[in-house]
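**Q** One rule links them: number in my numbering = place in the sequence shown (from 1) + 2.
The hints are simulated quantities; they were obtained by calculation from the structure and are not laboratory data.
The reader is advised that the hints may include incorrect statements.
DMTMM-like mimics (lysine to aspartate or glutamate), calculated; alpha carbons at most 20 Å apart, straight line [unchecked claim]: (1) K152 - D209; (2) K206 - D154; (3) K157 - D209.
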Amino acid sequence: MQQSSPIDMPRIEINTVMRMVYVWMGLGLLVTMFTAYTVGNTPALLELAVAPGMGIISIIFLFGSVIALSAGLNRNWLSPGGAIALFFVFAAIMGFTLSVTMVAYLSPTITLADGTTLVNDFYNPQPVYAAAASAAGLFLAMTVVGFTTKADLTKMGTYLMIGLIGIIIAMVVNIFLRSDGLSFIISILGVIIFTGLTAYDTQKIRDMSLNPEIARGGNAAVKFSVMGALTLYLDLINLFLFLLMIFGGRD
Numbered sequence: 003m004q005q006s007s008p009i010d011m012p013r014i015e016i017n018t019v020m021r022m023v024y025v026w027m028g029l030g031l032l033v034t035m036f037t038a039y040t041v042g043n044t045p046a047l048l049e050l051a052v053a054p055g056m057g058i059i060s061i062i063f064l065f066g067s068v069i070a071l072s073a074g075l076n077r078n079w080l081s082p083g084g085a086i087a088l089f090f091v092f093a094a095i096m097g098f099t100l101s102v103t104m105v106a107y108l109s110p111t112i113t114l115a116d117g118t119t120l121v122n123d124f125y126n127p128q129p130v131y132a133a134a135a136s137a138a139g140l141f142l143a144m145t146v147v148g149f150t151t152k153a154d155l156t157k158m159g160t161y162l163m164i165g166l167i168g169i170i171i172a173m174v175v176n177i178f179l180r181s182d183g184l185s186f187i188i189s190i191l192g193v194i195i196f197t198g199l200t201a202y203d204t205q206k207i208r209d210m211s212l213n214p215e216i217a218r219g220g221n222a223a224v225k226f227s228v229m230g231a232l233t234l235y236l237d238l239i240n241l242f243l244f245l246l247m248i249f250g251g252r253d
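Using the sequences and the hints, build the whole thing.
**A** In structure tokens, the structure reads:
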């Protein structure tokens, strides 16, 4: 009777964990899209989203939820259910934050809470469709590369993280310079960096799945898959946003 090779089982477990990562990521994207749609079509919520200072508040909550989720999982403060809930809270905040941008591109008219309807002069859905399709294609291609390649992407990941820090600094500087040329360069570099990070992060998640505690499934696998989903979610969202800056011609 032919017996299975002892190396077959880890491969099955890796695929199972990766499937969980993509499921949570997909659900997170659905929460983001649903929230953005709901806010964009609810005048009172939309006025809240565009209220003075709300953009900064939303960014603080976004960073706070990412830090809380990362720290909670790394230090084992969060239960699997708590990690999932916090991930969806983060995804909803992201949807709330992106709703203003989506309305600007996708809504020909804007209805205020008092019933007043305004014509949206910025209406232009093509950049959103182009950015979404391009981001999806790049993400799919690079996550397949990261999952299947035998090359070690660790060194590339180090350079990409250095580049990411450089982009963040450049974006802060450009807040004051308001340079369209610098903004375009940042967008191009952002697409390159997050395209590479998608492959790097996918390989890192795949390799970490070899940890016996994770491969056995259970709570450890759920927590790991949520953290992996957050990582790849951020790669895809940032890819989309940088591509939108390129296709839209404005930040």
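**Q** Each hint needs a verdict: does it hold in this structure or not?
**A** Taking the hints in turn, this is what the structure says about them:
1. K152 - D209: Distance ~11 Å between K152 and D209 Cα, so the pair holds.
2. K206 - D154: holds, 10 Å
3. K157 - D209: holds, 15 Å
The earlier numbered hints are all upheld by this structure, with none contradicted.
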